[in-house]
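In our numbering, the protein residues as written are 50 to 436.
Each hint should be verified, as a subset may be incorrect.
[As the list claims (entries may be wrong)] Derived CB-CB ranges, DEER-like:
1. G213 to E272: 48 to 56 Å
2. A278 to R237: 55 to 63 Å
3. L84 to K233: 15 to 23 Å
4. P284 to L404: 20 to 28 Å
5. E211 to S240: 24 to 32 Å
6. I279 to R237: 34 to 42 Å
7. G200 to R237: 35 to 43 Å
No lab work stands behind these hints: they were computed from the structure. Note that CB positions come from ideal geometry on N, CA and C, so glycine has one too.
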Amino acid sequence: MTFSTMSAVYRITEAGLNPLQLILVGTVLELTVLLADVPTGVLADVYSRRLSMIVGYVLIGVGYILEGSLPIFASILVAQVVWGFGFTFVSGAFQAWLSDELKDDSKTAAVFVKATKYESFGALAGIGLSAALATVYVGFSLIAGGVIFIGLGLFVAASMTETGFTPSSNRERRTWDSMTNVLKTGLRAVSMSRVLMALVAIEIFFGMSSEPFDRLWAKHTLEMFDFPAIFGLDPIVWFGVIQAVAAIAAIVGISVMERLVPVDRPWAPRLALSLFNVTMIGATLTFALTGTFGIAITMVVVVYVLHRVTWPFAAAWINRNCESEYRATVFSLHEQANSFGQVFFGPGMGLLATLRGLRAALVGVSILLIPPQLLYLVREPSAGGEQ
């Protein structure tokens, strides 16, 4: 949220994008992810998860720097392509790498939750820098984010080991056959598991709903509310405050979930995800309809926290239903489903926001979260209980 929120403000205040253009920026990003996610996920399964992460972090950094340097619609679109390719190299590779290194589903599920909590600490640490740079020029915060991601790629290159993964043989590397086989195996695994099929369908709806909210909440807040003049803070600094509160709330929320929800139990991820989704429906609808600044910002924080705590439980649920050889591919298919929902529904919501107003589009977001609630009822019996 640290740099993505500032990029939203940057696109509104510096580049002057309208709601449809804001959505189209996201559409280009997600279309890139949609086209590249599975091939890069297969590359991670066939060649190296570590190498995939290094390339991905560097590309994400380059994308941030490009966008922060040129506040022009066309250059912002190009930056999304670069950023999107970087994201697909990282997508699934980290989860698959961790699963291979630990070789224990229960430990892996717990680490997913802890990693999300520590990521929130990292976000909190970057908020002060991001907000301080944004008061001078919003683009500086994006450039700083790009430098940090490139540094992360170099850190992974220097420090990360990869002992639990066995790459394909040299002969297999010279052909695309092994990649095709992994992809087919991953698709077969999804088609044969009701749980994985349900999770893919859920992710499509999440993509349909998250794209409008992520792209439009900042514009809705800037246009609908007068920011309180507390300590003389301007709106840019207020966004930093919102980020800080959200990051702290995410850390607390993840810590609470870590203690209350036994992620190693087969039934726990599904129940937790269902409760998170119900709460998200209420939060997005309240944000769309409220006329009170405090309530609106609280709902933004709630949605952010729910986004943060949802992923580790979804990852744990997927991990329980995947074999190592196609795990990164299935994670990539899961991400691709999200991109599919964003690409094929996002522009319509952007047009709705442009023609009928931001509030109408945001109400639509809450409606799109209803079908996933029904899909969370899917259960799959196995020898060890629900998968």
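Checked hints:
| no. | hint | verdict |
| --- | --- | --- |
| 1 | G213 to E272: 48 to 56 Å | 50 Å, holds |
| 2 | A278 to R237: 55 to 63 Å | 59 Å, holds |
| 3 | L84 to K233: 15 to 23 Å | 18 Å, holds |
| 4 | P284 to L404: 20 to 28 Å | 26 Å, holds |
| 5 | E211 to S240: 24 to 32 Å | 30 Å, holds |
| 6 | I279 to R237: 34 to 42 Å | 57 Å, violated |
| 7 | G200 to R237: 35 to 43 Å | 39 Å, holds |
Checked against the numbered hints given earlier, the structure breaks only hint 6 and satisfies all the rest.
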